Amino acid sequence: MAGEKRILVACGTGVCTSTMAVNKLKDALEKRGKLKQVRINQCKIAEIASMASDNDLVVATTQVSAKINIPVVTGTAFLTGIGVDKVVEEIIDHLKI
Amino acid sequence: MIVDFTLLLKEELMMVPLVARNREDAFEKLALSLEQYGFVKDTYLEAVKKRERTFPTGLCTGEINVAIPHTDVEHVIQCAMAVGVLEKPVRFANMENPKVEIEVSIIFMLALKNAHEQPAFLQKLAGLFQDKDLLHDLASKTSTSATYQLLLSALAD
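First to last, the sequence lines map onto chains A and H. Each residue of the first sequence is one higher than the one before, starting from 1 at the first, in full-length UniProt numbering. Each residue of the second sequence is one higher than the one before, starting from 1 at the first, in full-length UniProt numbering.
Hints are computed from structural coordinates only; laboratory data are not their basis. Misleading hints may appear alongside valid ones.
Under the rule of at most 25 Å between Cα atoms (straight-line distance), these lysine-lysine pairs were calculated in the PhoX-like manner [stated by the list, open to error]:
{"id": "1", "chain 1": "H", "residue 1": "K49", "chain 2": "A", "residue 2": "K44"}
{"id": "2", "chain 1": "H", "residue 1": "K124", "chain 2": "A", "residue 2": "K36"}
{"id": "3", "chain 1": "H", "residue 1": "K10", "chain 2": "A", "residue 2": "K31"}
Partial list, derived from the structure: chain H residues whose beta carbon lies under 8 Å from chain A [claimed, not checked]:
{"id": "4", "residue": "G62"}
{"id": "5", "residue": "F108"}
{"id": "6", "residue": "L112"}
{"id": "7", "residue": "D133"}
{"id": "8", "residue": "H136"}
Computed from a predicted model, the values in this text were never measured in an experiment. C-beta atoms are modelled at their ideal positions from N, C-alpha and C, and glycine is treated no differently.
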């Protein structure tokens with residue numbers, strides 16, 4: 001879909017916690033009727049710098065030290081369930097969806 | 001698709017109670033059991049320790065905190081999970097802010113073989129972290145069989 005926003009979900013290995021976070025993120029966006037407006041990809045933290053230009057926002061489960069020019073949101077809430085709404089609002093605000 | 005989580009949960013990989021002086025001591029015990037049963041290579045332990053220093057895995061889930069140490073797939077032979085219910089909590093750095101340390105009571109040491117393997121299992125596991133009553137229940141277990149049975153029913157739901 002043209003104009004959809006792209007979210008990159010990143011973790012240390014690109015295998016474990018990003019996988020855990022993706023579904024919760026999808027559920028939360030679906031609940032707000034926003035899921036169709038985004039596309040979600042996964043990567044390793046180390047790949048963020050090279051993938052940032054193709055995405056609109058990063059959701060990371062670890063700290064991001066790379067300097068990138070798109071917003072970075074901490075996504076551990078999707079693992080612990082604590083503060084999910086706040087993080088989702090932050091994501092929606094950044095993406096203006 | 002029907003996913004059989006019982007293939008991933010193994011009673012012989014439950015360490016309850018896990019007596020450990022610190023995080024690395026706990027890693028050694030859990031990784032050794034994964035290695036003994038043939039799930040990981042002998043490079044796994046060092047790789048987990050190293051990764052934990054860069055990307056800590058302590059999760060602040062409320063009262064009973066958990067950690068999910070793991071590492072890159074090349075150190076793994078077959079997908080598995082070792083679980084340690086600590087006799088006394090050990091300190092982990094917090095995943096979202098490595099400068100902050102938290103007391104962790106339950107360790108889920110993951111051995112994942114392929115990228116994006118077992119997404120349903122991982123999502124179930126994350127769901128478990130959000131169930132405070134269940135974490136309390138799990139932390140109070142004193143035998144491997146009780147822990148195994150509880151995890152089996154929690155992940156099968």
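Results of checking the hints against the structure:
Only pairs whose Cα atoms come within 25 Å are accepted, and K49(H) paired with K44(A) is accepted, the gap being roughly 18 Å. Restraint check for K124(H) and K36(A): the C-alpha separation of about 24 Å stays at or below 25 Å, so the hint holds. Among the hinted pairs, K10(H) with K31(A) is inconsistent with the structure: their alpha-carbon atoms are about 35 Å apart, more than 25 Å. Look at G62(H): its Cβ gets to within about 7 Å of chain A, closer than 8 Å, so that hint holds up.
Taken as an interface hint, F108(H) does not check out: its beta carbon lies about 10 Å from the nearest beta carbon of chain A, beyond 8 Å. Below 8 Å, beta-carbon pairs count as interface contacts, and L112(H) has one with chain A at about 5 Å; its hint therefore holds. A cut of 8 Å between beta carbons decides the hint on D133(H): the least distance to chain A is about 13 Å, and the hint is violated. For H136(H), the suggested interface contact is broken, since its CB lies about 15 Å from the closest CB of chain A, more than 8 Å.
Of the numbered hints stated above, those contradicted by the structure are hints 3, 5, 7 and 8, listed in ascending order.
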